[in-house]
Each structure stands twice: as structure tokens, then as C-alpha cells.
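Visitor: The residues making up each chain are set out below.
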Amino acid sequence: MILREKFEVPKKYNSFSFILMAVGVLAIIGLYLTTHGGGGTEEEKKIQDARFWASLLQNSVFFLLIVNASIFFIAATTLTWGGWQMTFRRVPEAIAATVPVIGLITLVILLSIVFGSNHTIYHWTDEEHVKHDAILNFKKGFLNKEFYVIVSVLAIGLWSFLGWKLRKLSLQVDNNPFKTKEEAKKYVWNNTVWAALYMIVFALTVMSSIPWLWLMSIDAHWYSTMYSWYTFASTWVSGIALIALFVVYLKNNNYLELTNKEHLHDLGVMMFAFSIFWTYLWYSQFMLIWYANIPEETTYFKPRAQGIYGGIFWLMFIINFLAPLLILMTRDAKRKYTTIAFMSVLIIFGHWLDFFQMVFPGPSPSNVPLIVYDFAIAMGFVGLILYITGRTLSKYPLIATNNPFIKESVIHHT
Amino acid sequence: MGVKKFVVGNFYDEAVLFPAVKKTRRAGYKIHDVFTPFPIHGLDKAMGLRDTSLHTAGFIYGISGTTLAVGFITWALSIDWQLNFGGKPYFALPAWIPIAFELTVLFAAVGMVLTFCYLCQLAPFVKKDHFNPRSTDDTFVMAVECTEKTNETEAISFLQSVGAQDVQVMYRETGWWIGRYDRDTIRFSKKVEAAN
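If you're matching them up, the sequences are chains A and B in order.
Residue numbering for the first sequence follows this note's numbering, beginning at 202 and increasing consecutively.
Residue numbering for the second sequence follows this note's numbering, beginning at 26 and increasing consecutively.
Hint data in this document are derived by calculation from the structure and do not stem from the laboratory.
Built from N, CA and C at the ideal position, the CB exists for glycine as well.
Just so you know, not all the hints are guaranteed correct.
[As the list claims (entries may be wrong)] Straight-line alpha carbon distances no greater than 27 Å define the calculated DSS-like cross-link-like pairs of lysine-lysine that follow: (1) A/608 to B/47; (2) A/537 to B/70; (3) B/70 to A/503.
[Unchecked claim] Quick partial rundown of chain B residues pointing at chain A, CB under 8 Å, derived from the structure: (4) 66; (5) 67; (6) 111.
Next up, chain A with everything else stripped away, as it sits in the complex (with noise of 0.2 Å):
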């Protein structure tokens, strides 16, 4: 079989991203001036600039936390020494090259936020008001802007560099085929170390200060122990749906001739097996509260469950668990591109409806704000995946041919 070494990007896929990205600006700019334009009282003038940033906040941490999960794909599969992903590896390793740049957007966008002076999205930031609140006083250790910035900068930086490592060590055995097994087992254990360093970065990361720090702290007096669990679960979900969808794509104009039914009914697994380990979560953290029924931990779920962001959390469980309990079930649907695809869009939707739950009821408790500025920004970083993914594919072949794991992907069957 000949292969099809690289991937070319075709000039409408290139148009359609810069389309995308330019929408994404234009919605930004146009959030900007209708947030900021109009006169109004002091408080009517916070609410709309916290919108914006809430906008901002939303659709950057969203996006970075699922092209990361690429990374943590690519760690997870080393370190459990799986084999059968490795025809098509190359693709979460191109999704991975987007973490630094929207790493660096995320990072303005909240260092803005923090040492903006407002206050209105982090309302732990103003010290004065600190000061007088025994909740957040006690809490200062942890929500300061100094170890916020630190923990971020670390972050971003930590999961640019293990990315970028993690790929080069993939791309490294394109040119020079291992001569000896040694040689090989060598390769093998010299990834294992890599992926286990970011595992570790990503467990005290993603899996924990993170969310704590980028989203939970948005109803600062107000805390879960499970919400990171709950915040990486979703981004996990939606990051295996990204690389479903580039695989079908890549599919569709024929490459990855090595990829075939047996590897998309492992991705269909997976995203099947992740929304139920995402609804788990999220179901057990609403019951717990609703079960205690505790005043401090109910205000969380009253402007989401019970409030105007009430059929966003339904439409919720429905897009993110009964449709992928229901239609991902069977055997047939994992093993067919059009269903898998489908799925993959219905599910990054459904998580991203999740983190506008997640992020806005904090800011605007008492109205819904109008989901278009947001959707058109979100469309702004799908288009700046989609060019650099597009791009990094271009440049180094598509399969790793060298890969010691290469003929166990080849063979794989489910």
C-alpha cells in the first residue's frame, strides 16, 4: 500500500478557518463595543463588562483545556503502553501544538481579569472587600493574585513544553529507524518518563488547582472538591470528540490509510465510556448538595438548576448523556464515520454549553445573557485550531512508521 506522507492543507479548509478566526474577532470587538458603549449607573456598567470578560473566560479556558486533553491522549496511551492509537497519533500530536498558542490568549485574557480593576468577574481580587469577608479571608492563602498568576504561568508553560517534547520525541524516529531492539526499548522507556512527568503536572493541574482557580473561584464562597474531577471529565470528553472529528476528516479525503473501523470504535468507546463518567460526576455533585440542603452550597445550583439557566442544564443532560448513552450504545454506530462525526460536534457543544453554565450564573444570576456573542467567539478559536492543526499536519508525515507500537495499530482489531 502506498501512503500518502503528508497532509495538504486544501485552500478552502485554509479560507475556512481564517473565515472563522475573523468572525471570532469581529464578535469580539462587537461584544466589546456593546458592553462598553452604553451609559448607565455604576452596577449597570459592572454587569456588562463582566459579561464581556465572562465571555472571554468561557471560550479560552474551554478551548485550552480540550486541545491539553490531546496531550494528555497522547501521555495516557505512552504510559499504559498502548499500541492502538499509533496510526493516527499524529493528529492529537498537531492538536497539541495548539496549547501554546491559546495558552498565551488564555494568559492575557486572565491576567486582564485579575489586574483589571473591576473586580467584577474574581471578587476576591479586591482586597478591600477581602478585608471584611470572613470567608474569603480565610480562604487568602489560596485565592491571592500572586499564586494565581504563578499557578497559571506554571501551567500553561509546564503543558506547552511537556506538548512540545512529547511530540518531538514522536517525530525523531521518522528519519533515523531504530537499528537495534535496545535501541527501541530505550525509545519506549524514554517516553514512558516524558508522559509520566506531564501525568503528574496534569494531575496537579488540570485534575486540581486549575478549575479551582480559573472557574470555581467565580463564586468564590462557594466550594467542590469533586468540580476539577467534574471540569477535567468534560474537557477530557470533548478533547477525545476533537480528535474523533479530525480523524474522520483526514479519513474522508484519504489519509491515514491505516486508520480504519477498528481504531474509530476504540474513539467511540471512549467517548461513550466519558460522558457517563462525566455524568457521573456531574450528577453526584448536585446530589450531594441537594441532599444536605445547606444554604452556602445550594446558591451554586440555584441560578443553574432551578433558575433562568435552568434549560441550559437540562439541554445538558440530554446533548451530554442520554444521547450518547443512547445513540453510542451499540456496536454498529461506533464502527460508522457519519455517527461518530455527528456525535463529536453534539458533544463539544454540549461541554461548551457546560462551561457557559459554569462561568455566566456567577457574573449575571438573574439574566441569561444572549448566546450568540459567545457561540461567534467560540467559532473564532475553532477557526484557530483548525489552521494550526491544519498547518502542523502539513509539515511531518501523518503516520509514524518508525513507532516500535506501529504494527500492533496496524493489526488491531476490536
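Using the hints, position chain B against chain A.
Guide: Frame of chain A, contents of chain B only:
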């Protein structure tokens, strides 16, 4: 069920077994079953077995569990004997989800195990013949059923030609039965003819 006549061949290598299974099917012989010491990926496809419907059964057991749990708790706590737990409504659905979930898992798991045992004809005190005890150790055993159209001598030489060894003609009980191997000799070793 009942006692039938088989031509049984033993294989000592997986790499010989696979092409042999395919050739035997193509030659038109009726493969009764292939017994292996461990599960072999892809053998079911080579033998032309249909996909199992065990998972459909599992789904049905699962939803029966959910329905039973939710139905019973609703009847007990919201209809028959209403109790006030910490000011929660009588129909407190969120609190019942864990129980519904547990019962779903329990029903699906136990039901699927029992169905699996039934389909494989496994149960305590029940005996099932598998032609050659070495199929639980180190040999792959293929049993070809003799129908009225099968010519035994041809079948034997065919199996030998595809790599089988110690080919024998055996009369064996195909179903399961309750009893003991040492007493029920009539069931499975009525007559053993040497091939050569």
C-alpha cells in the same frame, strides 16, 4: 441434542488452525465447534459465527433493574407510606438515582452472567463434553459434524491434509447433562474408531 457422530482433529499451532478452519468451511463441512485453551481473537469471524446478542440481553436486564428500583421506591415512599425525610418532597427522585443505578448494574451483571452460562451450557454439576481433555491445556480441537451427506474417509483425509493430527471419529453427546463422567459412559464414548 443427543449423540452425534463427529470427525475430530487436533491442532498444535494457532497458525495452522486459522487457515484450516477457513478451508474446512469452504469445503462445505459443518464445523460443530472449535475448542481452544484460551480465547483467540478473530476465530469467531473465521468460523462464521454471528455476533452475540448477549449485550442486547444485558440492556434489557439493565432497564428492568432501573424500572423495578424506581417503580418500587416510588410506590413505597410516594404512594403507599409517605415519610418526610428532612423536608424533601415525597417524590425525591435525585435520592433514588443511586439505588436505581445499583439495581441496574446488579440486574445487568447477574443476568448477563447467567445468560452467558446458559449459552455456553455451563452450570454446577452439569457435564458437557469437549472431545479431548487436552483442549483445556495445549491443543486446539476442531470437531466436524457428520451429516448424512458426509463421507467419513474423505473428511478424515481432508482434515489431515489441512494439518490436523490424531484425527478420530467419535460419537458424542452434544448437549449438557446432569451426571458424572465416570458413570455416564454411554453419553459420550459409545464408540471410538481409530482413523488409521
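Visitor: Run every hint past the structure and note whether it holds.
Guide: Quick rundown of the hints versus the structure:
no.	hint	result
1	A/608 to B/47	holds (24 Å)
2	A/537 to B/70	holds (20 Å)
3	B/70 to A/503	violated (54 Å)
4	66	holds (7 Å)
5	67	holds (7 Å)
6	111	holds (7 Å)
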